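**Q** Whole structure, please, built from the sequences with the hints as guidance.
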Amino acid sequence: MNKKYLKILIVAIVALMATIFTHFDAFLYSEPVIKVESVSTLSKQKNTDEYKNTDTQVTQRINGRFLNTSKRGKKISLKNTYYQSQLTDQKYRSGQQVILTKSSGHYSVNDIKRDTVLVFSIGLVIVLLFCMGFSRGKLFTSILLNLVVYYGFMKLLINTHNSALLLLTVITALLISAIALIVILGPTMDAVMAYSSTVIATTTSILLSIFLMKLSGYSGIHLELTDFGLQPYFSVFISQVIFSVLGVILDETMDISSSLIEMKKEIKDVNEKTLFKSGINIGRELIGPLINILLFIVIAEHLNVVLLYMSNGNSIGYTFEMTLSLGFAQLLISAIGIVLTVPITSFIASKMIARRPM
Amino acid sequence: MLYLFGAFVILLLLVAGGRGFSLLFGLAINVISIIGLLILIADGFNVLITTAIVSVIILVVAIFMNVENPNTANIAFKTSLLITAVIVLITIPLEYWASAHGMGVEDQEELEGFSLAAGVSFPQLAVAIIIVNSLGVISETSVAITSGLNEIVENKPSLTPAETFADGFSVGNRILSTQTNTLLFNFFATTFPLFFLIHSLHDNFFDIVNDKLVVAEVITMLICAIGVIMTVPITSYLVYRGVKKNQK
Numbered sequence: 001m002n003k004k005y006l007k008i009l010i011v012a013i014v015a016l017m018a019t020i021f022t023h024f025d026a027f028l029y030s031e032p033v034i035k036v037e038s039v040s041t042l043s044k045q046k047n048t049d050e051y052k053n054t055d056t057q058v059t060q061r062i063n064g065r066f067l068n069t070s071k072r073g074k075k076i077s078l079k080n081t082y083y084q085s086q087l088t089d090q091k092y093r094s095g096q097q098v099i100l101t102k103s104s105g106h107y108s109v110n111d112i113k114r115d116t117v118l119v120f121s122i123g124l125v126i127v128l129l130f131c132m133g134f135s136r137g138k139l140f141t142s143i144l145l146n147l148v149v150y151y152g153f154m155k156l157l158i159n160t161h162n163s164a165l166l167l168l169t170v171i172t173a174l175l176i177s178a179i180a181l182i183v184i185l186g187p188t189m190d191a192v193m194a195y196s197s198t199v200i201a202t203t204t205s206i207l208l209s210i211f212l213m214k215l216s217g218y219s220g221i222h223l224e225l226t227d228f229g230l231q232p233y234f235s236v237f238i239s240q241v242i243f244s245v246l247g248v249i250l251d252e253t254m255d256i257s258s259s260l261i262e263m264k265k266e267i268k269d270v271n272e273k274t275l276f277k278s279g280i281n282i283g284r285e286l287i288g289p290l291i292n293i294l295l296f297i298v299i300a301e302h303l304n305v306v307l308l309y310m311s312n313g314n315s316i317g318y319t320f321e322m323t324l325s326l327g328f329a330q331l332l333i334s335a336i337g338i339v340l341t342v343p344i345t346s347f348i349a350s351k352m353i354a355r356r357p358m
Numbered sequence: 359m360l361y362l363f364g365a366f367v368i369l370l371l372l373v374a375g376g377r378g379f380s381l382l383f384g385l386a387i388n389v390i391s392i393i394g395l396l397i398l399i400a401d402g403f404n405v406l407i408t409t410a411i412v413s414v415i416i417l418v419v420a421i422f423m424n425v426e427n428p429n430t431a432n433i434a435f436k437t438s439l440l441i442t443a444v445i446v447l448i449t450i451p452l453e454y455w456a457s458a459h460g461m462g463v464e465d466q467e468e469l470e471g472f473s474l475a476a477g478v479s480f481p482q483l484a485v486a487i488i489i490v491n492s493l494g495v496i497s498e499t500s501v502a503i504t505s506g507l508n509e510i511v512e513n514k515p516s517l518t519p520a521e522t523f524a525d526g527f528s529v530g531n532r533i534l535s536t537q538t539n540t541l542l543f544n545f546f547a548t549t550f551p552l553f554f555l556i557h558s559l560h561d562n563f564f565d566i567v568n569d570k571l572v573v574a575e576v577i578t579m580l581i582c583a584i585g586v587i588m589t590v591p592i593t594s595y596l597v598y599r600g601v602k603k604n605q606k
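Quick note, the sequences are listed as chains D and U, same order.
The opening position of the first sequence corresponds to residue 1 in the numbering used here, with each subsequent residue numbered one higher.
The opening position of the second sequence corresponds to residue 359 in the numbering used here, with each subsequent residue numbered one higher.
None of these hints come from the bench; they were simulated from the model.
Take the hints with a grain of salt, since some may be wrong.
[Stated by the list, open to error] Quick look at which bits of chain D chain U covers, simulated, 3 or more residues with Cβ under 8 Å:
1. 81-95
2. 153-164
3. 228-236
4. 280-289
5. 298-304
6. 330-336
In this text, all values refer to a predicted model and were calculated from it rather than measured experimentally.
Cβ atoms here follow ideal geometry from the backbone N, Cα and C, with glycine treated the same way.
**A** So this is what it looks like as structure tokens:
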């Protein structure tokens, strides 16, 4: 028991040290970083725009001290203007560290230095994991391996200037789901079973959806509204669907197939049909919660834009068409995948498990 | 879009039979609640209070409509309420510290022609975004762990708190890894266009780790993970308490 507390203590200290280090790491930055020492409000102006939104525009004076570059320790005073709603602009507080940009001899505020809070949050999650009785080794291995694959994917994507996006996505998706399954289930037949179900279900749902969208001539689907308008629209859209549905389908296939394996263990002479039927029964219960997960993730992602559209006097219908319709199309494709996974996994698992001698 | 929706409904009814209708009904209520939330916020209601109320409605629908065993549903509901409260308490200071609200330079193109003086508090909205994001994951995790744990506990006549927690973690282990995958892969889905764009804007490690949108995405994922992690001890405690009460 003592050893466990010692471990937690060590992890907590390492996390804390890392956080503190990033608080003082301004010397690593090439851009000037200042620490805000005091702020004062210079002027406030209440505006009502053409859509009757009332917002206050505030100009503040920021007094700070350089933390790096050759001006280290010297004082600086800057002006910053922001709206109280802070959509794209920022209110600065004393104590914050702020990154500046220098253009033609003039300094202006660029962004808040956020690495400290980032490292702190990661540390918090790791410490929490160590506080509890989870088996962490597998979890960390799978996350790290997947992050490495994702990093490689990003590098290749950037080097090929996004020209082979779809191909790269498919390869990455195949890799990360294989890694996740092998780490969780080990290199067993169960993993092969879950893997083949995942791949077949995902492929089927994506192909079916592409066919249906082509058939309807992409009506109601504004592909040009993908995040950040990244081209080629179609590949970006499909790649996002693949990544987001993959985790959920993995979850589903593992749930169904492991329950069926349990069943075979308890009833030795269970036949294929019974297994298939109970697979469907188990899967039915999973569909609702899994679609919910993606529904909330999709909506949460677009909350900012939705509110921007609505506060700019757009009707609810137009707002949703411009902001959420693509998300909903993505959600529907994922939902089709989630539903299709149930019979596909039940079929594959029942075939493989029924024939297996135990 | 209609074709996709039609295919979804047909497949759902084929696979889930009669359950399909109640599933569709539950999803419809969730979508309507979320739309209600958006309209209320746009009308100037307090972001955090509205989000809290709508979250409770969503959790009720997500849990009581999907779970048939009333005991499991009760414990799962209590757990998710507690977890949501924990998430609010963690998110507010972290968001205040990170100031990763609103939209970034990467969104510039989309923002063209908009009046940016929206009159909505985007720092508060950032908290709402994380809460809404976590609702699905939390309700699913708490239901999965509660039903898994209940099954084990019901077959054991005597029970110590340490045992319940150990069982909770053995059920929780697998759910944690699958849920981490869901969160991580969704993170990949949302961030690959972002990273690509950031690369073309400025290719510097320090710019990326301080970028508003990147930090917002990472924090969202981490806070959801905290929610999943915390579900296990809370569920174990509630299940244990429930069993103790029945024994008396």
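**Q** State for each hint whether it applies.
**A** Against the structure, the hints come out as follows:
Restraint check on the stretch 81-95 of chain D versus chain U: 8 residues with Cβ-Cβ distances below 8 Å, three needed, restraint holds. Interface restraint, the stretch 153-164 of chain D with chain U: holds (5 residues with C-beta to C-beta distance below 8 Å; minimum three). Counting residues of the stretch 228-236 of chain D whose beta-carbon sits less than 8 Å from any beta-carbon of chain U gives 4, enough to reach three: the coverage restraint holds. With a cut-off of 8 Å between beta carbons, the stretch 280-289 of chain D has 7 residues touching chain U; three or more are needed, and the interface restraint holds.
Counting residues of the stretch 298-304 of chain D whose CB falls under 8 Å from any CB of chain U gives 5; the rule of at least 3 is met. Counting residues of the stretch 330-336 of chain D whose beta carbon lies closer than 8 Å to any beta carbon of chain U gives 4, which reaches the threshold of three, so the coverage claim holds.
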